[in-house]
Amino acid sequence: MRPQNYRPVAHPPSHEYELYFGPNHPGIEGNYAIRVRLKGDVIQEAIADGGYLHRGFEKIMESRLWIQNVALVPRICVPDPVPMEDSYARSVEALGGLEVPERAQWIRVLMLEVSRICAHLFTFGGNAATIGLYTNMFWGVSMRDLFLDIFEEITGARIYHMYITPGGVRRDLPPGILDKLSAVIDELERRAPEFDDLFFDSTVVMNRAAGCGTMTQEQALSWGVTGPNLRACGLPFDLRRDDPYLVYPELDFDIPTETAGDALARMRVRKAEVQQSIRILRQVIARLPSVKGPIRCPLPNPLAWNVPAGEAYARAESSKGELGFFVVSNGGDKPWRVHVRGPSQMHAVQVLENLLTGARIEDIAQIMFSLDACPPEVDR
Amino acid sequence: MVNISPKYKGSFLRPLKALSHLFREPVTLPMEPRPAAENYRGFHLNEWAECIGCGTCQEICDNAAIRMVNVPGLPSDPAKGIKPRRPAIDYGRCCWCALCVDICPTGSLALSREYIHVSRDMDTYFILPDEKGMHGLGFEKGWAKNPDSDLLDLDRQPMEELPVESRGDNFDEIVKGFDDQTALIEASRCIQCGMCHEACPANMHAPEYIRAIWDGDKERAVREIYRTNPFPQVCGRVCTHRCETACSIGRRGDPVAIRWLKRYAMDSVEADRIRDIAGEGRVTEPTGRSVAVVGSGPAGLTAAFDLAKRGHAVTVYESKPQAGGMMRYGIPEYRLPYDRLDADIAVIEAMGVEIRCGQAIGSDVSMAELREKNDAVLVATGLGQARSTRVPGTDHPNVASAIVLLDKVTRGEEIDLPGPVVVIGGGNVAFDIARSLARLQKRRDGAVAVTLVALEERDAMLADEEEVIEAQEEGIAVFNGRGPRQVVIEDGAVRGLETVKCLSIFDAEGRFHPMYDEQDVVLHEGAMVVEAIGQAADTGYLGDELTEALEWQRGRIQIAADGRTSVDGLWAAGDLVQGPDVISAIAAGHRVADSIHAQLGAMARA
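Protein chains in written order, with our numbering: chain A, 1 to 380; chain B, 1001 to 1606.
Treat the hints loosely; a few may be bogus.
[Said to hold, decoys possible] Simulated pairs of lysine-lysine, PhoX-like, Cα-Cα distance not exceeding 25 Å:
#1 K334/A x K1141/B
#2 K292/A x K1017/B
#3 K1176/B x K1442/B
#4 K271/A x K1442/B
#5 K1141/B x K180/A
No wet-lab data here; the hints were simulated from the structure.
The model shown is predicted, which means the values in this text are computed figures rather than measured ones.
Given the sequences, and given the hints that come with them, work out the whole structure.
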């Protein structure tokens, strides 16, 4: 008997050739590889080949105390670490029956939305770079840096914040931070038309991205696609509204969709999402000063903290899709088993393989980036 | 829902607008140092004067980036919970989560607002942080101790006690002990740093038994306790708990209630199981050697327990009607119920120790006889003789000593209380007798008339804080900083105690030499005066020959570190040679048992 994914050694016909794409290709967020079989410039078959970033997160989490994992989880996704922290914390809270104070919930939403904007800016930049528009990349990253300054002030760290713990957050907001955040949001809005000029309204982008990597809604659903990629196929599904968590029910925002299901549609959804995130942040900024109270519920001594036995799944709408932590406790001081549902697991494997088949070699990077596939979410 | 209508307005010219950036200010900042955020997590800072070397940072570190390093020349004081070691950080492993800062019991650790360290020398990434910071450049604290993110529970679980109105006229135990839930929460506060283990004279395995309680395994807790202490019921109640003085949590909050947790473990396991657990590893094949122990206090019985467990025949001689020494005849029942002491002694007897009560050495059995019949003799007779202030009037029949009265209370003998009582002394014994007499008064007269006069000021009292507070609750008047001048006697009856103000207790060399203000005189009225100013050893039973042969130092038998005296085959331990409390006596009991066992083994091989 052979394993399901067994493939016999193939000897391609003389007019076909194989290319090992990656793992150090700039068109990929992190190290990831694709084995492609080509006829001329057209891909006949693509096989995702991950594992280059595998650090055994899920296994390591079993050997760390509940609180120590707070330092580990953001590392699963570099561009968008906050949903990792939040989902892990909420799954532990569900197991331990911890009540998150309201102020902490508002702060978490603020963090989540800033992180979403950062991730989308990063993806704009990256996506543009895959089709040769490097200026966009520099702009996106420089804009993101202003948000990282905000993160630094709130959490003391720019990339891996390790800020959300089960039960709340670790620090209250520093004074004046909401004004600074307002100013950065205003700056982003002011510069948005420039991004349009350079990217969304550029004929280069339209010619390259429109119709590239297209999937239908049915395909998307059967492949397990979530997040902006799914919304770009016309389905308005968003966990913030459809399985709400934290204080999202109190916030007013729309769920942007596109119908084309191609690379351009996906980027346009992201652009619209940034606008919605700004809308959410403005509401949070207006509301937060009036929400008083503690920012964390009392936690037991972390060295002697047994979380009651059971299992919990907490999911969040990350910038990439449905991110979930399935955590099992046997009543001990460490998780018994953790499973991370990284949305990119689907986007970077079956979706990518399917979308690449029939595509041209120069679109590989663009398709991967337009799916916003983050390899560390695959290699957990 | 918003459908973003496709507005394809693409143009080749639009991207050219970006050329306008050529004439703008650069986005990148000028290359000058950028100040980090107030909470920034840079490199570690450690206030060495605050740090106690507990190593909790090492425990919480998720990447094993912190290693405790012994630093020569640093102060070391196990009794106060200070170890001469400091955390060293490996920046090849550190992930800047700052959990070490959040859990630090002292608050000495912080992260600085420094961004950069660049070097080709790998050794520079491994540092021993101090208050100056990674490069000594004076960067301020960034992420530091903050009540929001503090990970320690600084508040002790409340202990239920008998209310003052229902304890004043009886000897019922005051402290009720933890229930399962409070014990669990209290045990969960422990960070397992082990400071208590080193502070304890007997080096009890407190972190281990606390963890066992937290795990819900009380029998394992009992097993851990019996590794070092055959008097857990006693120590779970009346120990001077030096462990709690050294407890790291006590640096900023209430120390873990280690003593009450020990009591909880002992109270919640059946006596039969305790006996079985205590007897684990006992040598059942007799060695054929015999040991006599004189005195059944904590030192004598601990040594007897250890030696009996190792297969030696041990006989304990006690002059009083029951075993236990000062634990029975000195500590009142409301602090240590006799049945709890009996439970500990029953376990010791179950190891095969024979206790002969009512056998006074010197009159019933002679010391010479003991030495002849046994391979080793241990004297652990404690301090049984009362001391007097010898101020005028103390020879009056209504001037008594505390330990004589406490002995009578234990025996249930009638104590003649002619009226109000004045107690001289500020230690635990003074409070024991004052509170015992107050109970007898309350029972007889319905009111308390006890005054306690201590030489020390209130904040320097020798007695435990809770003793002072509870005594005052029970109606005892406490006067501090006063020394006795004379017992005033009128018409043959005691009228009271005259005291003078104490200016200082010790002289420049630290010797006891109180100075008084003779002008400041107060008369504390009372019909009876009780002296509780310490005790002395009564070594008359040793006999002239042995007394002559032994070496003495300042009135005490001189011993080696292992308890051996200068006379072959004779050991001494406990208050008789060195104090001051039950747990020190237990520690001495273990030491001397080890020494005797080694000696008996050597004899067997010879």
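### Query
Taking each numbered hint in turn, which are not upheld by the structure, reported in ascending numerical order?
Hints 1, 2 and 4 not satisfied by this model.
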